[in-house]
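Visitor: Hints are included, so try docking the two chains, each in its own frame, into the full complex.
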Amino acid sequence: MTRTMVGAAIVVMLAAPAVGRVQKDPAYQTAPAAKPADARAPAGRAGNGATLYKKVGCYQCHANEGQGGLAGPRIGPSPVPYARFLQYIRNPTGDMPPYTARVLTNQDVADIYAFLEARPRPPAVDTIPQLAP
Amino acid sequence: MARTKNTPETRVERRRFLQQGALAGAALVVAPSPADTVGRVQEDPAYQTPQAPPAPMTMAAEAAPPADVQVLGDGERSGSDFMVDVFKSLGFEYFCANPGSSFRGLHESVINHGGNRAPELITCCHEESSVAMAHGYFKVEGKPLGVLAHGTVGLQHASMALYNAWCDRVPVYMILGNHSDAAIRRGAEWYHGVQDAAAMVRDYTKWDDTPWSLTHFAESAVRAYKIALTPPMAPVVMVLDGGLQEHPISKSEPLAVPRLTLPVPPQGEQGAVEELARMLVAAESPVLVADRMARTPNGMTLLVELAETLQAGVIDQGSRMNFPSRHPLNQTQRGRAAVTDADVIVGLEVADFWGVVNALRDQLHRSARRVARPGAKIVSITTGDLYIRSNYQDFRRMQDVDLAMAADAEATLPVLIEAVKRLVTSDRRRAFEERGARLAQASRTAAAASRTAASYAWEASPVSTARLSAEIWAQIKTEDWSLVSSYYSSDQTNWPRRLWDFTRPYQWLGHAGGGGIGYGAPASVGAALANRRHGRLSVAIQTDGDLMYAPGVLWTAAHHRIPLLSVMNNNRAYHQEIMHVQKMCNARNRGVDRGELGSQLIDPNIDFAKLAQSMGVYAEGPITNPNDLGPAIRRALQVVKKGEPALVDVVTQAR
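As they're listed, the protein sequences go chains A and B.
Count along the first sequence from 1, then add 1292; that gives the number in our numbering.
Count along the second sequence from 1, then add 1; that gives the number in our numbering.
It cannot be assumed that every hint is accurate.
Said to hold, decoys possible - Sample of chain B residues at the chain A side, in silico, Cβ under 10 angstroms:
1. Arg362
2. Thr453
3. Ala455
4. Trp459
5. Ser465
6. Thr466
7. Glu472
8. Trp474
9. Trp496
10. Arg499
11. Cys586
12. Asn590
13. Glu597
Everything labelled a hint here was simulated from the structure, so no lab data went into it.
Glycine is no exception: its CB is placed at the ideal position from the N, C-alpha and C atoms.
Bound-form chain B, shown alone (with noise of 0.2 angstroms):
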């Protein structure tokens, strides 16, 4: 339909459709009726009672002709209900929002027409804070949820998120207000207003649309989802006009709400898998590399069965829940070394393959090295090559290949399988067989190692990071758990993974993807939410750096009854870039004594047990004592356990 445009002819048409009511201004240039007054004659001196003597206001307002008063009509609905049909049809559970003015509309047919459920509306104290909530979902549900933001300011609180979204191939739907009708902005509209709403994020988002009608607002909504969850995921805006929202509209209005189908996504070219499998099969000592691998529960399965056809080795790169951490043939914290001795190296959704294959030094002068051997085959198999941007340069070097499936991992793992199956023989058979007994072999001793290493400076004040996830786990070890943020960058050296079982797909949720900061307590809670629906444990790996950019999610948590126990790794400092502040000290030869500078957070120290209690979080610490770690989780857990979050701050060493 075309819209309703607020020209001279439609105002009249309109106005056939409405009806005499009261809205609060009108109110104060309008005798009430009895109708406007009920419930609140006493309280409101806007409205006194006919008895009373007449206020100044409401003398001036009879000598005013009578306003246009209006409210929708009974044969008329708004735009922005249709629109909750419609995002309804998507299955959309939770809408995140900070509230704004330019979608009012929206919220307001959100919470009456949609009975604020399916999606419900989440408070949000920082649109970043949406954004890596919808972020943490996704990756425990596979869903996207909706964010709603200003297209403006909103959009401009929320681009780094969507940004760290972008980079970890995560869809979040984002539907932004704006009035772009420059004829009827009022006061902040303007601020608010904007020709290109999409423009500032469409380099890290993969579509966007600003529809000029509802039937065209439908079609873009449900492409939008579709696009989204299409591989490879990312997200995608939705611009949504104030008037297209707020206008009413005729009830009898033939407005259709499209079917999503959701498209398959691509399987590896026959010819190529079957290539790949004569490979796997001749290989002396194949690794599988996979990083953004497991796009469903069933990928980990699918992997797992993958490597133990071949009794080959996995490296779990751990942006998805790949494969589970004490399989014994995982050979993630011996990962440089399966490189290197490995003959063929196959890529599954691999977004720095060249990272894998080479080495780059930090020093004064940067260096490259090829740690793979010559000759190594190396394959990919990632949606990565279908789809590709160009300004920002998340896409890594170039790595040469002998063979490139620009398929998605995942869909191709079972043909694959069924390939590789169908060329082993019984030679080969015992061939696996024997690696497999040496990788298990090596992975034992890696998982042994990592046991010793922990126990080092386990009696340490400030409590050792080793410890600290040694404490978290005993305590947890025994739920349904999940571990829903981690400040872990690196695999081989990140302690959960190093000590904990992971098994389930839930239990590992990956990175920020960007490497933006700020992303662990939002998108933790956002986890934590879509793990409520299960009765799962949320666990988060808390530091301070990250919480101190929007803690207010903390209030969200709190507000929305989400369980979430938030252990904090409180090294009281951004300590990555001390590291790299050092580097430079040295490099150059001067004040190596002086690389903390500009870096810490101490001085006053934060107190991050009373931020969250202020927030109305449960909270404890800060903890010094390791000894005194294991009881703090325990007690958190139990809060944790009636539905409600809590905070246990541990001040930990720097690494």
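The following block holds chain A by itself, in its conformation from the complex (with noise of 0.2 angstroms):
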């Protein structure tokens, strides 16, 4: 049986542009900046986080380290302040499936938030001769 793809590329094809520069593109205006007194994120288990992450479908769209790059941005390592985190989570402005506190805790949101900080940092640009232009 053949499936077709057409509205799947739709979905990719606005995802797209959003990556890198969410921040920059009116188009997908983020969650409002955070109050400096919600900035921190509440304790988070990172273990939980990664099965979190992999149980609810981060992985889908962001790819397995947060690095993202086909289907959504880069959320790991250094995500965005844990409000602003939160926020988008719940209420997403483009494309992303929202989380809402039914499916997905708060303290869940934290791990998750947890695990994507402590991603490694990526080897310099200019070590990896396979990167060269």
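Guide: Spelled out as structure tokens, the structure:
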């Protein structure tokens, strides 16, 4: 049986422009800037965050290490400030599917945040011969 | 000429031309003559020597009246011999076919009358593979392949691939066998017989015919070729009656092969071209959006010239190789921003212009908004305006435009370039140069950002999709390479296009067209078949879901010694669908941890290396450690350089 991906292509194309410039592009307004009091993430457990990240599907669009690329922007390491992170997951303004507190608690989000914060930083691009221009 | 029908009169008439001889069936009931038995007297019990005791069958044969044993006479040829003459005149190099009795006459003529050269038969294991091979081949060679298939079951298998070619405006020359005359149909010919074979694909083919005589055939065969190759190009279908193929005709029968003259594609009207030139020269930030623009290798050269003359940004939507990936004016990576900035947007054979100017948000309630700035002038040049069909909706949403040229974009570029050059003053040239410098900077920044983005998760296992691309590039960049297929549907997020240096027309071949999965593997083999003659290295980024549709095409590649390096992007899922289902789960606010159900290809994992090896293809994998990838690609490359296909199975991340 043949399945078509025309719809899928639209989804990806819409998601694409957001890569790496969610903040700049007015088309993809992210959540309003967080108030300083909200800015700290609650203590998260990165191990549980890793499990959740896979289980609830963040990996599908943001890739296994949060590096993003094809279907969503990079969200790790050094994700956006926690308040905005939480706000975006609850109320995405672009194509990302929303996660309500019913399916992903604030603690779950904090755990995922901790997992993303703990992702290794990449080697310097200039040290990777395969990425030489 | 009138078609020879199997009426009593014609049967008598034809008998005059027939000679005595033996067919396999006839041999069962006729005592063999010495000539019949040459070379196989001993092995075949049906051909007992006279000395041996008579077998029961022979005794029965002696009792029966001699049959009318029929072979082609010296003064005769078959209808399908003439068909091959016509096909040769059209320059077909190959016919792809899964063999089928409804075109057995033509099959035999191709191998014996035509010597199996131009066209040469390529044995395919599925008609969908045959058509997709033709699709891929065209994109390299700019020439159609013939595809032979049964008018019923073969076309049914082929139909999805034809739909892809249709949506991609790629010509495929479909040749169907059919036994129209119910009075002489045998066994399976009843299932393979149909009143109107082309009906089921008429909505997504450009023209078809069912000729009733050989003269009719010749004209229609040449006409079909011409129609298929006239922009907008599309598949065509010829239905060839079994009787017309198989009945003998006299060698002296006057049959002419019509001459093919391809029409010159239509150029934009002079006044409209000048108006567009004025808009472009006056514009502060024009952007050129190219999709199915480069119809020939010259297309890219022309677009580069226009862009450089104007120092205008180009967005290459990637259905064809329209623009060099690292050209400083290439703004594809920041495409949305380039559209938002633009005061003039020119669409060159853009299939979805509405989607360039607007965005559709995919949430529970879909919403659309314009991304182009208000008042931006919008101009389209496309042969799409010359031709549209109703049923299938590949024409996309209607976009308001300020100027629409119903013309071929590539054919229009030379006059547009001249018109622009005539209008450029030194003031404008200075403004252009400043703009060009800004765009070059933006494109350098985007390229650097892409490399940095690719460095994240560099050491991860499964392998990141960026690393997969980077590892392939590192191995091929000094070769004369051609990326014959890759699954990436979006150009902004497409790793090879972000990381590799695409400069030649055959290095990027676009997409499936209709989004029908299963295109990648056969289109790669078809494109590699075309590249073989030019000594180019064909490389495919092969996905798992795609390969599982019709993996038999790997055998075709091995059998016909088609060199092709397939590196798998094996994410063990129909991952695009997982993302879709996830969206549904989230929108319905339930079960967000179950989105993968029904779309994964695990338990058991598919061993693609074994699959390929079983069909005679060199293969390695599954590779999960990214550091094993480079050496594996190097080894596979050595095999490909010897003229064979090779496959490296790489387990990758989902996206």
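Visitor: Next, verify each hint and record whether it holds.
Guide: Tested hints:
1. Arg362: Since the shortest Cβ distance to chain A is 6 angstroms, the answer is holds.
2. Thr453: Cβ of Thr453 (chain B) sits 5 angstroms from chain A, so the hint holds.
3. Ala455: At about 6 angstroms, which falls below the 10 angstroms cut-off, the nearest Cβ of chain A leaves the hint on Ala455 (chain B) intact, so it holds.
4. Trp459: holds (5 angstroms)
5. Ser465: With Cβ-Cβ at 6 angstroms, under 10 angstroms, it holds.
6. Thr466: holds (6 angstroms)
7. Glu472: With Cβ-Cβ at 6 angstroms, under 10 angstroms, it holds.
8. Trp474: holds (7 angstroms)
9. Trp496: Given a least distance of 7 angstroms, the restraint on Trp496 (chain B) holds.
10. Arg499: At 9 angstroms from the nearest chain A Cβ, Arg499 (chain B) passes the 10 angstroms test, so the hint holds.
11. Cys586: holds (8 angstroms)
12. Asn590: Since chain A brings a Cβ to about 6 angstroms from Asn590 (chain B), closer than 10 angstroms, the hint holds.
13. Glu597: Holds - the Cβ of Glu597 (chain B) comes within 10 angstroms of chain A, reaching about 8 angstroms at its closest.
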